[in-house]
Every structure is written in C-alpha cells, then in structure tokens.
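Asker: Listed below are the residues making up each chain.
There are 2 protein chains.
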Amino acid sequence: MPDLTAAARRQKVHRTPIWLMRQAGRYLPEYRELRAHHDFLTMARTPELAAQVTVQPLRRFDLDGAIVFADILLPLDPMGLGLSFEAGEGPHIAKAVETPQDLARLREVDVASDLGFVAEAVRIVKSQLPPEVPVIGFAGAPFTLASYAVEGGPSRDYRRLKRFMWHHPQAFADLLGRLASLTIEYLTLQVAAGAGMVQLFDSWVGALSERDYRRLVLPHTKRILAAVKDLGVPSIHFAPLASAYLATLKEAGGDVIALDWRPDIGEVRRALGPGVAVQGNLDPLLLREGPVREIEAAALEIVGRGGVFPGHIFNLGHGIDKDTPLEHVAALIEAVHRAPSPGGIARL
Amino acid sequence: MPDLTAAARRQKVHRTPIWLMRQAGRYLPEYRELRAHHDFLTMARTPELAAQVTVQPLRRFDLDGAIVFADILLPLDPMGLGLSFEAGEGPHIAKAVETPQDLARLREVDVASDLGFVAEAVRIVKSQLPPEVPVIGFAGAPFTLASYAVEGGPSRDYRRLKRFMWHHPQAFADLLGRLASLTIEYLTLQVAAGAGMVQLFDSWVGALSERDYRRLVLPHTKRILAAVKDLGVPSIHFAPLASAYLATLKEAGGDVIALDWRPDIGEVRRALGPGVAVQGNLDPLLLREGPVREIEAAALEIVGRGGVFPGHIFNLGHGIDKDTPLEHVAALIEAVHRAPSPGGIARL
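Just so you know, the protein sequences line up as chains A and B, in that order. Counted the way the working numbering counts, the first sequence spans residues 1221 to 1568. Counted the way the working numbering counts, the second sequence spans residues 1221 to 1568.
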C-alpha cells in the first residue's frame, strides 16, 4: 500500500508522506508557462491539460500523492449558477442564489456528462504515475459551495449566506442537501476513475459557530463522508478554523482531519486519540518566507509531534502560496522524509 | 462586588454579566451624532468626549460594565510611528518599522503625559457610574500592536510581520518587549485612575501557529498579565482564533479567556477546568442579522453551557457590527440576564 494511503488508514509507513494543497499551481514555472496559453477553466476542463498540470509537481519533487487539477466550484456551473474566473479577482457566480425561490431554478447535474472531464483527467494521471503515488480526488463541501452560490464570490464575513441560513433554515437545508448529493456522485465518479483517496474541502466553514455547524452543516458533511467510506477509499476532511470544534469535526467521520497551521498537531492527536489520522500543518507563509533553517525546524517538530502514533500525513495548513520559492519546497519535502516520526514509521 | 468582577474571579453572581466589545460605537445613533462633529482621534483624546461616549450605551442598555472609549493603537503615536485614521480605511501608520534598524528611532513613551487623557476619561466615567458597573480598561497586546507597527495598517496575512519575526527573531523580541513594558505602564495608569478590570486585546495573534506563539509571543503576554495580577484587578485575555491552542493561552495567565464565536463554550470550560473564567461567545453577525428568536436561542444555550460552573461573562465573539439594530441588542441583554446558568448564579 502507498505510504499516503497507509497513513490515512493509520498504518505504519516507510517515511512520513507529504503532499501540498495547490501543489499543481502557480508557484511552478512550468504551470505558469502552460497557463499563459490557456485560461484557467479551459485547463481544468481539458483532461489532457489537467493531467499534465497534475503531474508537473511530481516530475520535480518527491511527493507522495498527486491531487487532480480541478476546482471545487466546477460543479456549480452545470447547476446553472454561471461560473467564471476573473483575472486577479477570483471566482464569480453570475446567477447567485438570493432567495429561497431561487433554488427552484437550479438544474440537476448529470455528473458523468457534465463533469466527466475530471474523471478523464484522473484516468490519464493514474496511467502515468507509479502505483505508490495515489491520485487524490477532491470536492468542495456543501457549506463552502453554498457560500459561493449565495455570496456570488469570495466573502469576508459570509453575511448573505449566514442571513440566508438563519432566516430560511429549511431552504438552506435543501440547498446543502442538494449539494451533498451532487458531491457524493462527483466523488464516486472520481474514485471509479482511479482516485485512491479523496479530500473534502470545507474551506470556509470555520466562519460558523459550533452550534450552527452542528445543527445546520454536520448532517450533510457526515452523509458525504459515510458515502466515501462505502467507496472503499480513505477520506480527508479539511475544515480550517473549525478545529475550534475538533470533537464535532471528528463526528463528521473522515479518516483524516486536515488542520490549518494554528493548532499544535501533538495536542490535536492527543485530543482525537489514535482512531483518526491527521493531516498538516505547516504555515504556508513560513514556506514562502523562510529562512530554510526555520522551515526545517518547524517540519521536524510537526513530524515529531504528529507522528506520536501512526496516521500523520504532512501538508501545509492551507494552499501553497504562488510566490513560494522552489528551493523551499524541495527543502521541506526532504526534511519531512528524513524527520524521525516516533510512532509512525515501520522498521523495515 | 459587581457581577462582572465577581464572574471574572469565578464567584457566583446575581445574573450572568454581559458587556459588548465596541459597545461604545457606531451602532448607536447618539455616537454617530457626536462623531459627526469630531474626528475619531479627537474624541479619543478629549477626556470629556471619551467619557461621554463611554457611558452612552449604559444610558440605553442594562450592561454590566463600561469599557473606556479609546483605541488600542493610541500608544503607537507617541512612539513616533505616526498614527492616523483615514475615513473608511481604518488605521494608518505613517512610519512603519521595516528593518531591525528602525527600532532605534522609536521614542520612549511617557505614559502619564502622553496617554494621560485615557486615565482622565476613566476617572470621569467612574464618577458618573454606580459602583456595581465597573470601568473596563484595555490595551492592545504586543503582537497585535507590532502588526500595525510593521505592516503599517490592517493586513490580510501579516506577511511583513511574520517575515520580520522569522528572519530577525532578536529584533522582534526587542520590539515586543518594548511594547509589553509600555502596555504594563499604560494598564497600570488606567487601573490607578479607577479601572476595575482590564482586557488585553491580542486581536490578530490567531494568525500564528502554536509553535510561533509559544516561542515568540507568550513570554510577553505572560509578563503583562502577571503585572496586571499585581495591580489587584482581574484581566481578560482576548485572542480570537488562538483558541486553536487553548492550553497555551491558559499558560499566559489571564483570569478570563475571551473566545471568538467559533468554539462551543461548554467544551472550552470543560477543557480549561474551573480555575479560569471564560468570556463570550455569540456570533456578532447573528446579533446583526437576527432573527431575534435565533439570537435568544443562541444566548440561552451559551449561558447554559458557559455557566456550568462559576466564571462566565457574556460577550460577543468580536466587536459589535456598526449596522446592528438597537432592538437586537436590547433583546440579547434581556435574554442573557434571564437565562438560567446552572452553576454560575447564586441563590439570594
């Protein structure tokens, strides 16, 4: 079994596995070169291009997994919400959901035909990589997808979405339920195409209180993660800031809880116990800014504390910054692979 | 003893005390009326105006404490950093610290003369309020002050500050040490003038990892909170997002740990134990957006879970939003005062 999958299943590994959120992205010159000729959505929707970008970081670095190049918002477009990416502005939703009545105009997505290009990219990547490097599929979680659907784009405080949630709880539940069903089909498609594990990105759910998360979001996350379990691949649940309510996140049922860079991973593992694996948690800004000796010291400490028992996947606490120097990335990967993990490494 | 001070000292109270961060502020029409005639810094620096604004919310609402009208950045101006507030832009530091060499040009602050206007405002407020309503003094914590000093204003990711911290750890320690000494003198001045408790605002420290917080910030916070203990008044330590490392925050030594709106206050009290009080933790956006029945339900749950043993002060998880309806505030205060607190209320 690849180290990445083994760690997710809380088994001992040869070395602590590492991958980086957004590792197929703008910090790579070969990505920027390709991107100069194609816009972002074209790249995501063209399987050959998406596959090419997915393997770019693997050609350069000794990474333990390949996350398919795509975007969490891709499923919103076939729902009829009108997705575009403005240069320098981030994603834009042209037909945002403003009232409960707007839910009626959302279209049913036919995942296989509307999002089949992602499955095709997974298939190509899988054929190009050795079996010890799994392909990681992914999807946005319902709250985070709903934040774009209702806010129309990125938001500072999620005011419209929260207002919708508090004033129209039934419509909010309907919206999240639809997004959860779609997400299950979408992840099923990626696993069928060869993804060996999946990550659920609930990137903005940390805006919620534990009370609201538990009542209004957790049931949907739980349903998705249970469905992934039935697919037979491990799941990673990324919900930065929501480690403020770690015990509730654990209830959602992912095999791996992915942390942002704030918590001490040793404390988290102690709190969660050996029954769940943990991913994280270097500050992406430290990787960007350095110095290298500081990156290495932090990596050493994270591996030492995260590996108190089996089940630690190394990653950043958020996506890699586009201005991160390549030599910092190389130094980090080497430091992680060489760092002693007190409970996680098998003597072979 | 006033309920607010009693709760901070983990004694039983008549009813759960409540105050609101930024309660003397723009959501009040009488504040906006006064503000139309004076700019922000003039109001903060004129003791009669600052005192008038401080008591405005107390005339309207049954609040349990009065936080003096001031700004955490006021001490940066006499240091020679050049503080101004641009309309709609927030604070601006004209002469930001860019290199370790810049520390040499920082001026020693004579707290009594440079910031005596805050003490005078505290004295006036204290003379106007009944003894059961304590005056709350406050100051910014070293990391948060340093974030403005180095970034020059608000920041999304504190890149310059973190870079300074990682590349120049000794200069960073010097800067935080100077800010800590100044903060101790400033809080001592406010307590001497009659402040019955103080809050230390480390509003942006939650950008740090536990590892960086522990190594580079905690010693300074600890020194300030120990000095406040010697003054004989309780301290509240507000460090939103840093509840990701609650056990480390507890080591800083405040009598009360103030939470943002994310964590479940019941879990936090269980984790911290009965030896420390907790403040919080309603989502300020819920108070703004309503509906009132939802505000009341959340308040009831927070008081019930926060009051599992003595030592709960009700507050928002962040400052009150300027567009919050007055009737929402009134409904919240009434709900908190009426809510049953299982362990916190004395039968009299």
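Any given hint could be a false lead.
Identical chains blur together in the list; that is why a pair holds if it fits in one copy or across any two.
What the hints assert, rightly or not - Straight-line alpha carbon distances no greater than 16 angstroms define the calculated EDC-like cross-link-like pairs of lysine to aspartate or glutamate that follow:
#, residue 1, residue 2
1, Lys1315, Asp1450
2, Lys1442, Glu1405
3, Lys1542, Asp1322
4, Lys1470, Glu1487
5, Lys1346, Asp1543
6, Lys1346, Glu1250
7, Lys1442, Asp1541
8, Lys1232, Glu1268
9, Lys1542, Asp1377
10, Lys1442, Glu1514
11, Lys1442, Glu1328
Hints in this document: simulated from the structure, not taken from any laboratory. This one's a predicted model, so the numbers in the text were calculated from it and none came from an experiment.
Asker: So, for every hint listed, does it hold in this structure?
Answerer: Now the hints, each set against the structure:
{"no.": "1", "hint": "Lys1315 - Asp1450", "result": "neither (34 angstroms within a copy, 59 angstroms between copies)"}
{"no.": "2", "hint": "Lys1442 - Glu1405", "result": "within (15 angstroms within a copy, 51 angstroms between copies)"}
{"no.": "3", "hint": "Lys1542 - Asp1322", "result": "neither (36 angstroms within a copy, 29 angstroms between copies)"}
{"no.": "4", "hint": "Lys1470 - Glu1487", "result": "both (15 angstroms within a copy, 14 angstroms between copies)"}
{"no.": "5", "hint": "Lys1346 - Asp1543", "result": "neither (29 angstroms within a copy, 52 angstroms between copies)"}
{"no.": "6", "hint": "Lys1346 - Glu1250", "result": "neither (20 angstroms within a copy, 65 angstroms between copies)"}
{"no.": "7", "hint": "Lys1442 - Asp1541", "result": "neither (30 angstroms within a copy, 33 angstroms between copies)"}
{"no.": "8", "hint": "Lys1232 - Glu1268", "result": "neither (35 angstroms within a copy, 67 angstroms between copies)"}
{"no.": "9", "hint": "Lys1542 - Asp1377", "result": "between (24 angstroms within a copy, 14 angstroms between copies)"}
{"no.": "10", "hint": "Lys1442 - Glu1514", "result": "neither (38 angstroms within a copy, 24 angstroms between copies)"}
{"no.": "11", "hint": "Lys1442 - Glu1328", "result": "neither (22 angstroms within a copy, 56 angstroms between copies)"}
The structure shown violates the earlier hints numbered 1, 3, 5, 6, 7, 8, 10, 11.
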